[in-house]
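These protein sequences, in sequence, are chains P, F and E. Under the working numbering, the very last position in the first sequence is 87; numbers go up by exactly one each time. Under the working numbering, the very last position in the second sequence is 231; numbers go up by exactly one each time. Under the working numbering, the very last position in the third sequence is 222; numbers go up by exactly one each time.
No lab work stands behind these hints, which were simulated from the structure alone. There's no promise every hint is true.
Using 25 Å as the maximum straight-line C-alpha spacing, the simulated SDA-like pairs for lysine to any residue come out as follows [what the hints assert, rightly or not]:
| no. | chain 1 | residue 1 | chain 2 | residue 2 |
| --- | --- | --- | --- | --- |
| 1 | P | Lys-4 | P | Arg-71 |
| 2 | F | Lys-189 | F | Thr-36 |
| 3 | E | Lys-162 | F | Arg-141 |
| 4 | P | Lys-75 | F | Leu-11 |
| 5 | E | Lys-162 | E | Ser-27 |
| 6 | P | Lys-75 | F | Arg-142 |
| 7 | P | Lys-75 | F | Arg-229 |
| 8 | F | Lys-103 | P | Lys-75 |
| 9 | E | Lys-162 | F | Lys-103 |
| 10 | F | Lys-103 | F | Leu-11 |
| 11 | P | Lys-4 | F | Thr-36 |
| 12 | P | Lys-4 | F | Glu-138 |
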Amino acid sequence: MIRKLGILVILASLLVAAVPVGDAAAQEEMGAVREAPAVRPAANVPFLFSAFALTWIVLWVYLVHVHRGQRRLEKMLGALGEENRVG
Amino acid sequence: MKERGGFVDSLLLALLGVVMLLNLYLIFYHAPVERTMGLVQKIFYFHVPSAWIAFLAFFVVFVGSAGYLITGREGYDRTAHSSAGIGVLFCSLVLLTGPLWAKPVWGIWWTWDPRLTSTLVLWFLYVGYLLLRSYLPEGPRRATLSAILGIVGFLDVPIVYLSIRWWRNQHPSPVVGGGSGSGLDPRMKAVFFFSLFAFTLLYVVLLRLRTGHARSEEAARTVLEERKRTL
Amino acid sequence: MNALTRIGAIFAKDVLVELRTRQALLSMTIFSLLTVLLLAFAFEPAAEESVLIGPGLLWIAFAFCGTIGLEHTLSLEREMGGMEALLLAPMDRGIIYLAKLAANTFFMFLAELLTLPFFVLFFNVNILPVLPDLLLLNLVGTIGFCSVGTLLVALTSQTRLKGVILPVLLFPVIVPLLLAAVEGTGAILRGEPAGTPLRILVAFDVIFATTAFLTFGYALEE
């Protein structure tokens with residue numbers, strides 16, 4: 001329960017970080033037409049991308065951790081079940 | 001059989017890691033920057049897929065609930081419960097990212113947009129589902145009662161959405177919501193659908209993890225009881 | 001004994017029991033009046049504003065008093081052992097639901113009727129010219145409220161904090177009903193047609209009463 005809360009907090013704070021960047025970017029002049037979308041990317045995009053990518057990698061590692069724990073648990077339960085049947 | 005399930009899980013997990021990273025790259029480097037809103041529009045690629053996944057999750061709650069009432073098999077109840085938790089998670093994300101998008105673009109935190117407002121009611125519905133489960137002791141009774149709530153809740157979803165949309169028409173706001181699917185640049189559309197795919201994959205992985213966990217809890221309980229009986 | 005007779009019998013029993021003690025009815029009505037009073041203090045509406053915010057405040061009062069009443073009929077049944085007797089009788093569980101629905105609607109509607117004069121008093125709204133329309137809308141809305149409420153109270157009555165969790169579950173489901181009821185009441189008070197809200201309410205009633213009818217049996221099983 002606490003872990004889920006932690007994930008939520010991390011995600012939320014990252015999205016909050018997106019706001020000042022978004023504000024700054026929105027105030028810049030973006031003179032491009034919709035049909036020719038190759039506008040020069042704002043200088044902050046690499047930071048934005050890295051923040052999101054880093055968060056995702058951390059989350060993903062956590063998922064792998066949970067998955068591995070799950071495998072271990074299933075093995076142990078299988079062994080316990082065997083014990084019951086044999087013993 | 002457990003080995004095969006585990007292998008699929010590992011495969012999905014690995015795929016998910018790559019797909020989501022790719023998704024982030026596409027969102028920030030491939031998708032064009034929107035003309036009027038600028039960078040902040042990119043929240044759209046997280047906000048809307050989260051909303052679709054929340055609805056998908058609650059549909060799965062409905063299917064699981066109905067399945068449990070009809071068949072009585074616990075697997076359905078486990079799936080419903082797991083999906084509800086994930087649904088609430090994604091629902092919360094929608095409700096957090098919505099205002100974060102609205103504030104810089106329209107100057108106000110909340111717009112009473114029908115979709116966002118329905119999502120809020122949805123959030124309460126499924127938090128209520130989880131709350132009910134937490135107050136009931138484990139067992140078939142808990143599964144039955146929450147299954148009924150799961151069905152009632154899901155049937156309410158379209159009614160809530162339609163009624164809020166009707167209500168909004170009675171009281172139009174100065175801000176026009178929407179702006180998600182209207183006239184999207186084809187590259188934006190492509191990135192959006194990829195993001196949808198990535199989030200769906202995330203949902204599937206989370207669901208499998210949670211149901212696997214619930215199954216293990218159930219197995220542990222069975223093993224303990226067998227032990228008590230034989231000792 | 002056919003279905004209607006059965007429903008009538010259970011309904012009559014519930015009404016008789018209630019009329020003897022009048023506990024639930026009294027609590028519901030007084031709570032509803034108090035809510036209206038508190039809201040009158042909170043908003044101090046002038047006559048023009050009353051028509052704007054009155055319907056909303058009125059239905060909030062009804063919603064609160066409704067949750068109190070719902071709780072009562074079911075728990076009384078359980079405490080007195082009547083539930084077991086009902087479950088033993090060879091009839092569709094849905095019939096028990098319809099009877100409970102009728103009883104709950106009856107009590108809640110009574111409480112609402114008793115609240116309306118105070119509403120007129122505190123908010124200076126003239127409801128006499130539109131009374132029939134208003135009462136019809138109220139009835140349909142109350143049926144909808146009770147159709148969901150009767151089912152949900154069966155779900156929550158065996159939990160630890162049943163009084164607290166019932167509103168938490170009920171209110172989100174009831175949002176469309178409230179929207180339509182408030183819009184409709186407002187329209188009626190302004191003298192405008194209220195066809196659409198009424199239709200929404202009827203649709204709500206039908207959908208949820210049917211669902212509850214089908215699933216009520218599962219909720220009652222011990």
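Results for each hint:
no., hint, in the structure
1, P:Lys-4 to P:Arg-71, "holds (20 Å)"
2, F:Lys-189 to F:Thr-36, "holds (17 Å)"
3, E:Lys-162 to F:Arg-141, "holds (16 Å)"
4, P:Lys-75 to F:Leu-11, "holds (19 Å)"
5, E:Lys-162 to E:Ser-27, "holds (17 Å)"
6, P:Lys-75 to F:Arg-142, "violated (28 Å)"
7, P:Lys-75 to F:Arg-229, "holds (22 Å)"
8, F:Lys-103 to P:Lys-75, "violated (50 Å)"
9, E:Lys-162 to F:Lys-103, "violated (39 Å)"
10, F:Lys-103 to F:Leu-11, "violated (40 Å)"
11, P:Lys-4 to F:Thr-36, "violated (36 Å)"
12, P:Lys-4 to F:Glu-138, "holds (22 Å)"
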